[in-house]
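K.L.:
The residues making up each chain are set out below.
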Amino acid sequence: MRPFTYVEGVSVADAAAAVHATPAAMFLAGGTTVVDLMKLGVLAPDTLVDVHRLPLGDIELDDRRARIGACVRNAQLAEHPEIRARWPVVGEALQSGMSPQLRNMSTVAGNVLQRTRCPYYRDPHSACNKRVPGSGCAARTGWDRDAAVLGTSPRCIAVFPSDLATALAILDAIIYTRRGDGGARRLPFDGFHRLPGDTPERETILDHGELVTHFELPDLALARRSHYFKVRDRASYDFALAAAAVALDVERGLVRDARIALGGVATRPWRCSAAEQSLRGKRAEPAAFRAAADLALADAVAGAHNGFKIELARHVITRALTELAIRPG
Amino acid sequence: MSTTSPRIGGFADRIDARSKVTGQARYAADVVLPGLAHAALVGSTIASGRVLGVDTARAEQAGGVLLVLTHLNRGPLGDLPNGDGDGLTADPRPPLADDRVHYRGQIVAMVVAESPEEAAHAASLVDVRYEPAPFVVDIDDADATRLADAPRRGDCAAALRAAPVTLDVVYSTPIQHPCPLEPHAAVAHWVDHDLVVHDTTQWVRGDQAVLARAFGLPRERVRVHAPFVGGSFGAKVFTAAHVLLAAVAARRLQRPVKAVLRSSEVLTAVGPRAATRQRIQLAAERDGRLLALRHHTRSHCATDRGVADLDPFYEPTSGVTRMLYACPHYEAVHDVVPLHLAKPGWMRAPGEATGLWALEGALDELACALHLDPLALRLRNHSSRDAHTGKPHASEHLRECYEQGAERFGWARRDLRPRSMRDGDAWLGWGMATATYPGNRDPASVSVRLDRERGRIHATVSTAGADLGTGMYTMLAVVVADALDLPLEWITVELGDTRLPPCPVTGGSNLTASTAPAARAACVQLRRRLLAFRRAPDESADWHELLSRAGLDQVEAVGTTDAVHDDARAHHSFGAVFVEVRVAPELGRIRVTRVVGVYDVGQVVDATTTRSQLIGGIVFGIGQALLEQLVHDPMHGLPVHADLAGYLLPTHADVPEIDVDWLEDVPDLAFNTIGCRGVGEIGITGVAPAIASAVHHAIGVRLRDLPLTPDRLLAALADASARPERAK
Ligand SMILES: Cc1cc2nc3c(=O)[nH]c(=O)nc-3n(C[C@H](O)[C@H](O)[C@H](O)COP(=O)(O)OP(=O)(O)OC[C@H]3O[C@@H](n4cnc5c(N)ncnc54)[C@H](O)[C@@H]3O)c2cc1C
Ligand code: SF4
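For the protein sequence lines, the chains are A and B, in the order given. For what it's worth, the numbering used here labels the leading residue of the first sequence as 1, then goes sequentially. For what it's worth, the numbering used here labels the leading residue of the second sequence as 1, then goes sequentially.
Bound conformation, chain A alone (with noise of 0.2 Å):
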């Protein structure tokens, strides 16, 4: 671990400021990302921009939407009550992920902007493009076994862990920031994170500096019934192999619509799309389910060791979606 200075940011614009002024700043929030890989010497800010304490921390909802602060602890929202009800896929996703602990403890913000598991990023002597651009893939020719089959290119395999992120991927939300420079914007969720291409080290479209201040979920009739199905190997505390989050919307039996997205087989959250569009007008059953899943893992390509993801993915779009449409009410 390197000596950096250690910032208390007093507001969103002084954040975003202090950081964007500092090349080699970060933001820190719960810390369970940024400790992690400082201590195991792969981040190595100079400087650490605290915002755990910004006024980012409310969840307030409407008819419209929920705005969720960048700084909500994860416990907080996967146990809002509402957030159960309106959109219970969040709360699935977060509760299938970390230990209550680190759910107290990490933030909203700093889970989707969390940093892949590839063993090789977190070895600071291994060859990564990610954690040191051009200097190459370990992982392609090493244990590639929890490595992405979806999303990889030449340069990049590695699997983009979050579950949350999963679950925002399939409900339209919108990340709302600011920048260091005094500017704002609003992202849809859907180009948030980048694929790796020729640049795996750029993980997401913020700038240097950019905090992001809130998360919007619109109101979505067909999010209510939504669900996250994970796969992992331990019962509990463990991150996911393959996990699928969905939403459908059925009348008299056919699918309306549908909303599917993949994580832990992919390099970023992985929107179904054209599974979505195969369920419309489709009987709400395992058979339909299936060709749907056919479709989402068309394009999957497998290294060495991971493999067995394409077909566990498969079962887990049809399990979460068969799950889904049984489910009363």
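Keep in mind that a hint or two might mislead.
If you only want the chain B side, here are some residues facing chain A, beta carbon under 7 Å, derived [as the list claims (entries may be wrong)]:
no.	residue
1	Ala162
2	Pro164
3	Asp168
4	Leu552
5	Val555
6	Glu586
7	Leu587
8	Asp633
9	Val640
10	His641
11	Thr709
12	Pro710
Calculated directly from the structure, the hints in this document are not laboratory data. Glycine included, every Cβ here is placed at the ideal spot set by N, Cα and C.
Since the structure of chain A is already known, use the hints to place chain B with the ligands on it.
P.N.:
Here is chain B with the ligands on its own, set in the frame of chain A:
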């Protein structure tokens, strides 16, 4: 005398619980001394080769840095002992001995600074240049050397050729790591040229011997403390490199030095359980009677020593396969494969946990092939003697374990056919296996002292052995309470200190069997001495009264146990474990939903701690079966998941209700005066094969490689559907 004194075999409250829950118990890393300095380690980033140069200039200039040790300035250290009784080190050469690197993560420098943060930062500034050499970390990818020890009886080859039924299968286990929750830590300081060390160790006297040799001191000038150890499972037998280096630095700086390993360092530099590949060949009659068993093991070892010198640091898988079942023809061979990894050590039930994985798995396959109930097959091959030495077991009640376990589990209702139990969208399966572990006992001394204190008596029980969290404190208190009719509150137990009466390494489930009889022997002496002061043989005077009549404030006796020398009989614990799993094949998901274990461990000394040891062992077995594996990258030689977020251990959600019990009134009185054998390791044995057998029963797919992860299950299913004849 008090009527509330606990009895041997009853449930006592843990006497150390309060101090642990309230944080009063001081573990090695908790020790703070005036002037304490802090060490951080630099691990090699190559897996094999040489250190060409170490640039310490930037580290030395960093804030708070006091010392940077490398192989160039470490100074002299004596040769290290490496034999039983004399202490053990992971490496026969002292740390930082020379420029050679044998595995990734080997210590190549140590920084000492005023604070842990400054030390860690400076460690990152040490610039090491290497000349890398080729290396191997894959057991399937390197040449093997055959060990000379190849036990055999009868003519295995002929029996395998002639038998009506044969089976030939390969079972594997990955590298597993004990990774106790308390990381390794040491505080070393010098007091008037004497060395005092607080260490996380299973063996204070082993540490003492190693340190004395290394620093050229008589043993009594080295004092080692380990009053509390936060789990170990074999990982804290060896005196680790950082302990020696902390002592070197403390002498150099004339200040106490603390070194605490990170979990990544524990997982790389502390020896794991060796990986194994085990080929089992069975020959049997059609009724299931075993005719021959051939066991060929390949396991890994370290590269840094001559092969002649390898023993005993390999996974001794055949210890259990040779003795367990009646079988006239037997042969075991063991090949070791040197890999560029930290030298493997012993992890809970070394040999039994792995050997039974292969043997019990193969027996389940034999039972399936013969359409026999797996339990019936075990009973058919039951042996009331050590099948290899022919010595009868002094006390053996395995049949009762099978019977009681089967009864509690409901085994009789089991349908032989796989895929016979559906539960919603998952399949249920039942499996069972035999558990066994040898009775071990080593020379130990325990002193018991009675003091007259404020009108009543107080007992102090002392021995150098370390309590790894298993319950030694409580167990010894119970023995003394029982022998002297004292309540637990009147008893203090002192452990983990070289100044206390000598005691062996806490390992091989030996400590209860070694110290409980010694403690009782001390009590018998005290009784005899004090009862002489009764006025009449039937007078009921209490100890306090007798002591004052003797004109004494204090009386002490030391009891001893010797090593086992039983040429006539064998001493083993046994058990039967029954498991139910729930399998969702398309999700690759296996969950254990029920476990019943019934054991014959001789006389139980304390039921509370015995129960937790057995349950803990079973939880360990669930981890071994479903989760644990330390994978090394073939290109870099690094452990891929060097932390507890990646090296997965069972969580509460992975562990179902576990029903354990033991046979009452089965003391092994030929083993020691109490009739107790240890309980620390038997719990893990048999669990993994029982789980795999249950998976086979659930879905008809045989998994022979641990751990049984979703990718493996999905691959096996794909394989089975591609070749349906194998899925029968
Ligand atoms: C052992 C372990 C297990 C875990 N298991 C799971 C799991 O199963 N599922 C899962 O989804 N996650 C899991 N996580 C990851 C966890 O969810 C994240 O670490 C956490 O959500 C990060 O939140 P934080 O507030 O601590 O972020 P920090 O660590 O403080 O920050 C994370 C990143 O976000 C940036 N940042 C934070 N706030 C802002 C802001 N307002 N604007 C701009 N940038 C910001 C920081 O600069 C940093 O780059 C696990 C983590 C650990 C350590
Ligand atoms: S997969 Fe991506 S994160 Fe992992 S080593 Fe390759 S470049 Fe780095």
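K.L.:
Would you mind marking each hint as holding or not holding in the structure?
P.N.:
Results for each hint:
Residue-level restraint check for B/Ala162 is violated (minimum Cβ-Cβ distance to chain A is 42 Å; threshold 7 Å). About 39 Å separates the beta-carbon of B/Pro164 from the nearest beta-carbon of chain A, more than 7 Å, and the hint is not met. Given the 7 Å rule on beta carbons, the hint for B/Asp168 is violated: about 27 Å separates it from the nearest Cβ of chain A. Nearest Cβ of chain A to the Cβ of B/Leu552: about 54 Å, over the 7 Å cut. The hint is violated.
Because the smallest distance between the Cβ of B/Val555 and any Cβ of chain A comes to about 51 Å, over 7 Å, the interface hint for this residue is violated. With 7 Å as the threshold, the beta carbon of B/Glu586 comes within range of chain A, its nearest partner Cβ sitting at about 4 Å, so the hint holds. Of the supplied interface hints, the one on B/Leu587 holds, with its beta-carbon coming within about 5 Å of a beta-carbon of chain A, less than 7 Å. Taking 7 Å as the C-beta cut-off, the interface hint given for B/Asp633 holds, the closest approach to chain A being about 4 Å.
For B/Val640, the shortest C-beta to C-beta distance to chain A is roughly 4 Å, which falls under 7 Å, so the interface hint holds. Because the smallest distance between the Cβ of B/His641 and any Cβ of chain A comes to about 6 Å, under 7 Å, the interface hint for this residue holds. The interface hint given for B/Thr709 is met, as the beta carbon of that residue sits about 6 Å from the closest beta carbon of chain A, less than 7 Å. Taking 7 Å as the C-beta contact cut-off toward chain A, the hint placing B/Pro710 at the interface holds, the least distance being around 6 Å.
Violated hints, in rising order: 1, 2, 3, 4, 5; the structure is consistent with all others.
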